[in-house]
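K.L.:
Residue numbers (our numbering), protein chains in the order written: chain A, 1 to 254; chain B, 1001 to 1272.
Hints in this document: simulated from the structure, not taken from any laboratory.
Any given hint could turn out to be false.
Said to hold, decoys possible - Pair ranges (Cβ atoms, derived):
{"id": "1", "chain 1": "A", "residue 1": "55", "chain 2": "B", "residue 2": "1139", "range": "31 to 41 Å"}
{"id": "2", "chain 1": "B", "residue 1": "1078", "chain 2": "A", "residue 2": "17", "range": "51 to 61 Å"}
{"id": "3", "chain 1": "A", "residue 1": "143", "chain 2": "B", "residue 2": "1139", "range": "53 to 63 Å"}
{"id": "4", "chain 1": "B", "residue 1": "1259", "chain 2": "A", "residue 2": "131", "range": "31 to 41 Å"}
A virtual CB, placed ideally from N, CA and C, is assigned to each residue, including glycine.
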Amino acid sequence: MTALLHVDGVSRRFGGYLALNNASCEIGEGDIHALIGPNGAGKTTLFNVVSGLLRPTVGKVSFKGRDYTGLKPDRVLTMGIARNFQQVRLVRGLSVVENVMIGAHARINRGILGNAAEFFGFSIAEKAAREKARAMLDFVGMAGKSDLQPDELTLVDQRRLEIARALTSEPQLLLLDEPAAGMNPTELLELSALIKRIRKQGLTVLLVEHHMRLVMSIADFITVLSAGSIIAAGTPAVIQRDPAVISAYLGARE
Amino acid sequence: MLSSYWDSVAVFLGINILMGVSLYIPMTAGLISLGQGGFMAIGAYVCAILTKSDVPFFLALVAGGCAAGIAGLVAGAPALRIRGIYVMILTLGFGEIVRVFFLNFESTGGASGLGGIRPLTELWQVIVACVIAYLMVWRIRHVRLGRAMVAIHEDDLAAEAMGINLTRTKLLSFSLGAIVAGLAGGFYAHQALFIDANQFDFSRSAITFLYVVLGGVSNPLGAIVGAAIVTLLPEFLRVVQDWRMTVFGTMLVLIAVWRPDGLLRAPSLHKS
């Protein structure tokens, strides 16, 4: 197993508040890696650092051995790290399929000529992007919903749409921030199947999730954050028995 | 044929529509400019100076548009670092800088203005320019640039995380708008035949803003409808004579009360 992502001694301070304290971890290629911990533990902060939305106060992040600390979010996406948002962020005013197509922007790099062709409606890339977006909507289980407006979707479909958008950018590492929030048991099963299918496509998944049954059933490796520090890391079996994790987060079985 | 009075009203309407479109473009990317008058001034002066030196009108128009577009890049660069009302303040400042520059720049007439401009603007040219500008705005909405602009307008942080290059998209939309305003300036100079700095003051920028807000920001036709209402209504209101502007102002207030999102709604999306 080789590590795809290295988080190396990352701290992030907001004024007097230390949201992340010297966190280090490795995400193995092809793994489903879960990040768990109580609210306010720094999980989303770590996501924001990894996806380039936040600069770490100290420490560095590297992807495939290359240090990319301080790289802008759009460049991080182009490099191969895509994400969703815990608070769904869709573009109102664009249809579902157009929202997904935004993910393809990172992969289309046309010169002036290509842009002109696109403008006059002769672009093959544009058509391909639309096809790809539709295929991704099928993949996440949203076939037939491409021409709806994002407002018309259920929250669960909005979350799926964000995953489709992230996948359209052809990432190698997919960051999922609480994708199961608000899902019923059937939808949870579908989500877990979807994450497994994503991994089967050769992607690595970093997952923040509170739904322990989901995490324990699909994760290969778990990192536990508490109050900004990593307190444990290991396979689900190890984590479930770790006393520090039990007292900080999981709680003891009666 | 139109009488020369209505012919002239139609040309000014076309110019105002171009101004409306020029502001609509950056506004779709969430950049509200209160300095479109400045871009118009640059286009007007550059175009007028060139035709005075016997450059063909068409080339002069293009040059005026390009000059304004470059100014758009310059003014847009600092606007990248700020948001919302601060962009408005910055562009307002930019418009004033341009106005005061032409007020004091003796080579283009300074405070006494620039006269003796040949009457080269024809109605059909303005109509063609409006049609092209509208088609451009309509097309942009359906390609990558337009999607990126709408995404930035909604949430620029998320847009960046979706892979959109904020710098490039914002500068491009700002500059495209400036080009259209520069073009409008070129037409204006060769219709008014005399220009001075104060014709491109803050009220010009503010009224351009009014076109877009009145018509509706979510629909490219909104800028056109807004420009038409603001330009034509005072003409039709001449029957009420001295009360003209009072009635006009009242109507604006009523529209703002009844249709706070502007007269036109977002277009229903095409199915494909």
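K.L.:
With reference to the structure, classify each hint as holding or not holding.
P.N.:
Hints, verified against the model:
Separation of residue 55 of chain A from residue 1139 of chain B is about 37 Å and conforms to the stated range, judged on CB atoms against 31 to 41 Å. Under the hint 51 to 61 Å, the C-beta atoms of residue 1078 of chain B and residue 17 of chain A, about 31 Å apart, miss the expected range. Look at residue 143 of chain A against residue 1139 of chain B: about 29 Å separates their beta carbons, and that is not inside 53 to 63 Å. Judged by the Cβ atoms, the range 31 to 41 Å given for residue 1259 of chain B and residue 131 of chain A holds: they are separated by roughly 39 Å.
Checked against the numbered hints listed earlier, the structure breaks hints 2, 3; every other hint is satisfied.
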